[in-house]
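Student: One-letter residues, chain by chain:
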Amino acid sequence: MLNWFPENISTFGGEIDSLFYLILYITGAWFIATEGLIVFFLIRFRRRQGSKAAYLPGETLRQASWILVPCVVVLVLDLWIDFRGAAVWAKVKGGMPPSDLRIQVTAKQFNWEIVYPGPDGKLGTADDLLMENELHVPAGKVVHVVLKSKDVIHSFFLPNLRLKQDIVPGREIEAWFEATKPGKYEIPCAELCGFGHSGMNGWLHVHTADDYAKWVREQWPSEK
Amino acid sequence: MSEKLGFWRTYLFSTDHKTIAKQYFTLGLLWAIVGGLTAYLMRWQLAFPDTEVPGWGFIAPDFYNMLVTMHGTILVFFVAMPILLATFGNFLIPLMIGARDMAFPRLNMLSFWVFALASLVLLISFFVPGGAASAGWTGYPPLSAKADYTGVGWGINLWILALALEFISFLMGGINFLTTTINLRAPGMTFFRLPLIIWMQITAAVLFMLSVGPLIAGAVMLLMDRTLGTTFYLPEGGGEPLLWQHLFWFFGHPEVYVILLPGLGMVLETMPAFSRKPIFGYRPIIYSTIAAGILSFIVWAHHQFISGMDPRLAMPFSITTIIISVPFALIVFAMIATLWRASIHFSTPMLFALGTLSVFILGGLTGIFNGSAPIDIYIHDTYFVVAHFHYTLFSATFFAGFAGITYWFPKMFGRMMNETLGKIHFWLTFIFFNATFIPMHFVGLGGMMRRIANPMEYEFLKSLQPVNEFITVCAILLLISQIPFVVNFLWSMIRGSVAERNPWQANTLEWSAPSPPPHGNFETIPVVYRSPYEYSSPEATEDWLPQDRPLTPSAAARQ
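So the protein sequences, as listed, match chains A and B. Going letter by letter, the first sequence gives residues 1 to 224 in the numbering used here. Going letter by letter, the second sequence gives residues 225 to 783 in the numbering used here.
What the hints contain is simulated information worked out from the structure, not anything from laboratory work. C-beta atoms are modelled at their ideal positions from N, C-alpha and C, and glycine is treated no differently. Treat the hints with care, as some may be off.
Derived EDC-like pairs (lysine to aspartate or glutamate); straight-line CA-CA distance at most 20 Å [what the hints assert, rightly or not]:
1) A:K181 <-> B:E683
2) A:K108 <-> B:D767
3) A:K52 <-> B:E763
4) A:K52 <-> B:D767
If you want the footprint, here are the derived chain A segments under chain B, 3+ residues with CB under 8 Å [unchecked claim]:
5) 5-19
6) 128-136
Per label pair, the in silico range of CB-to-CB distance [said to hold, decoys possible]:
7) B:M448 <-> A:N3: 55 to 61 Å
8) A:L37 <-> B:H569: 15 to 21 Å
9) A:F83 <-> B:F521: 19 to 25 Å
10) B:M717 <-> A:S18: 34 to 40 Å
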């Protein structure tokens with residue numbers, strides 16, 4: 001059960017995963033406590049010959065404190081989860097670490113159109129390069145992704161990077177990630193986008209610095 | 225009350241709240257069969273993609289999207305609401321507050337027939353060219369706003385129309401619920417002597433009335449985008465797709481509690497009767513319910529953490545969402561405390577009530593994961609969310625619904641249900657429900673997205689396929705497990721042993737009426753002396769003390 005997640009290869013993915021486990025331990029403890037108590041009560045207080053139930057309406061503060069005190073504990077744990085969550089959220093979504101690599105992903109039914117800025121580092125210039133469903137990035141480097149849609153709402157999902165961002169037509173949404181491990185990972189669409197939604201998928205290629213430089217040379221051979 | 229009504233006025237165009245309740249129940253059950261069929265087809269396709277579904281045929285991707293959409297729409301709006309609210313609200317409110325009928329019986333009849341019309345429109349939408357709606361039950365534009373994007377033309381227009389009609393129906397129903405509860409209570413029935421299910425029903429009615437307005441406005445704009453060429457949600461004309469999401473979820477989250485609260489109400493009625501003990505913390509439960517209702521209006525954007533809205537909005541909504549666990553935790557603790565030092569009788573209704581409680585706990589706890597904005601980045605739109613809301617809504621709709629129907633069946637039909645069949649039904653449902661939906665959490669954590677027709681198209685999901693197959697087998701068994709209920713329900717209605725007035729020795733007013741109650745319910749309007757859960761009271765020699773039984777002649781005279 002502990003390795004149900006796909007392998008994490010992002011710098012912030014570990015924090016999301018550890019927040020998940022924090023919540024898992026807290027809720028898991030509550031689950032065992034409450035369900036265990038229910039089962040115990042069901043066995044202990046099942047109807048038996050001659051037994052009579054106690055009259056406990058729980059209306060006085062003294063009696064009600066049996067349920068009010070656990071509620072206070074729930075509130076405290078909630079706030080703990082909230083504060084931990086706020087810290088992780090700020091790291092992932094707060095401000096983006098600076099980067100000179102900006103790639104544009106335009107979603108359309110049912111493909112990712114990925115535009116690389118080329119050697120000048122600027123999108124919307126003549127040396128831009130368009131590839132369908134292929135996202136090449138170097139490992140160990142912050143990458144900014146500009147997300148646009150041509151038609152409906154799509155969701156850019158990188159399971160291994162713990163990144164998901166809806167793409168809304170009419171908006172330009174920027175996301176970021178830093179991959180830590182070279183390899184080939186999938187980019188499914190996570191928002192129902194029409195009859196081809198199932199199977200709308202791309203590939204993220206994370207290269208080592210050397211491989212990435214080689215890939216760049218292959219794509220823009222005229223540039224030195 | 226005593227005049228003879230003909231066949232049409234008695235069975236079809238009846239103004240009797242009990243008949244109207246049964247009409248809602250019948251339609252709700254018929255829709256549940258369609259909903260079950262959509263689940264079967266989807267699960268087969270997910271486990272054995274692109275193979276022929278036994279008894280059906282192949283499922284194309286756009287047909288799959290239609291199944292996803294209609295499954296959600298049917299189960300939420302055409303099964304959960306008519307059964308939990310309309311059936312039990314209609315049947316129980318007048319009987320439990322000691323009234324002869326609803327405040328507006330004709331409006332009540334109109335509510336049902338508008339709902340029947342909504343059902344008809346939704347049914348027709350399956351057969352129009354292009355098929356039924358396929359943009360998800362949440363109907364996010366622009367996908368839903370332009371026919372080109374889905375290939376569905378009138379299917380979505382009729383889907384909007386069906387929902388609009390059903391909202392009209394439930395608005396009229398809600399007005400009736402509130403007016404009746406406020407005005408027609410029997411002498412002595414103060415607000416704090418109302419059974420908790422009545423509190424739940426009227427809170428649900430208020431939540432629905434306050435939240436549905438924005439969605440109706442949203443739906444009108446969506447229909448105009450589709451038919452009149454406006455661009456409220458289309459960016460090419462300056463529209464804003466996210467507007468719909470805000471309007472939808474401003475309604476959508478209170479709507480969840482519109483379903484959940486009556487479900488919890490069933491448990492809160494059943495549990496004391498079979499524990500022979502007052503519900504623990506009657507007033508705290510009421511205050512918690514109201515608090516949860518108020519909070520439900522400021523959590524909606526937890527459905528939109530990654531929707532593209534300003535990320536700074538996420539944490540405030542994350543905090544309110546996680547805090548909403550407190551009032552529900554109180555209700556759960558109160559239910560558990562009710563079992564403490566009780567005398568528990570494991571009847572079928574009690575088993576279903578306990579099933580609701582134990583299943584709802586897991587559904588509530590997984591809600592904490594979803595409510596945490598950073599976790600939601602990963603699990604949003606995955607099967608973890610699907611598993612979560614089935615744990616909450618299946619528990620409310622089916623476990624609690626079965627608790628309610630088996631508990632009040634003697635009152636509704638004047639006959640007892642078979643306990644053995646009832647217990648078989650419970651255990652099969654409980655086992656296969658958990659066997660279906662627990663593994664679904666793990667599939668979701670593995671990253672499997674909702675609403676995809678074929679997980680085998682993704683490399684990273686291939687290793688999860690055996691789990692998907694297991695889920696499908698269990699889901700089919702869960703559907704088959706409902707056969708004992710259908711048999712028991714139909715057989716008991718005709719052949720069950722005749723029920724007495726109060727077979728469970730329960731305290732609330734409906735049990736002092738004949739089984740089944742005649743038109744007008746009570747011979748004489750009861751007088752209420754006490755709160756609804758006075759079981760094992762030291763004041764009585766028996767372990768129950770009905771709300772309308774005077775303890776001494778002088779007490780009766782004082783009233």
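Student: CB of F83 (chain A) to CB of F521 (chain B), is that within 19 to 25 Å?
Tutor: holds, 24 Å
Student: Please work out if K52 (chain A) and D767 (chain B) have their alpha carbons no farther apart than 20 Å.
Tutor: holds, 8 Å
Student: Falls inside 55 to 61 Å, the C-beta gap from M448 (chain B) to N3 (chain A)?
Tutor: This hint is violated: roughly 50 Å between Cβ atoms.
Student: Is K181 (chain A) close enough to E683 (chain B), meaning Cα to Cα at most 20 Å?
Tutor: At roughly 18 Å apart (the allowed maximum being 20 Å), E683 (chain B) and K181 (chain A) satisfy the hint.
Student: Below or equal to 20 Å on CA atoms is what counts here, so check K52 (chain A) against E763 (chain B).
Tutor: Distance ~14 Å between K52 (chain A) and E763 (chain B) Cα, so the pair holds.
Student: Does the alpha-carbon distance linking K108 (chain A) and D767 (chain B) stay inside the 20 Å limit?
Tutor: Roughly 67 Å between the alpha carbons, so the hint for K108 (chain A) and D767 (chain B) is violated.
Student: Is 34 to 40 Å respected by the C-beta to C-beta distance linking M717 (chain B) and S18 (chain A)?
Tutor: Violated, since M717 (chain B) and S18 (chain A) (Cβ atoms, about 55 Å apart) do not stay within the stated range.
Student: So the hint says 15 to 21 Å: do the beta-carbon atoms of L37 (chain A) and H569 (chain B) match that?
Tutor: Once the Cβ atoms are compared, 19 Å apart, the range 15 to 21 Å for H569 (chain B) and L37 (chain A) holds.
Student: Taking a Cβ-Cβ distance under 8 Å as contact, does the segment 128-136 of chain A have three or more residues in contact with chain B?
Tutor: violated (count 0)
Student: Given that the segment 5-19 of chain A was listed as covered by chain B, double-check it with a C-beta distance under 8 Å for 3 or more residues.
Tutor: Answer holds; 5 residues pass the 8 Å Cβ test.
Hint violations for this structure: numbers 2, 6, 7, 10, all remaining hints satisfied.
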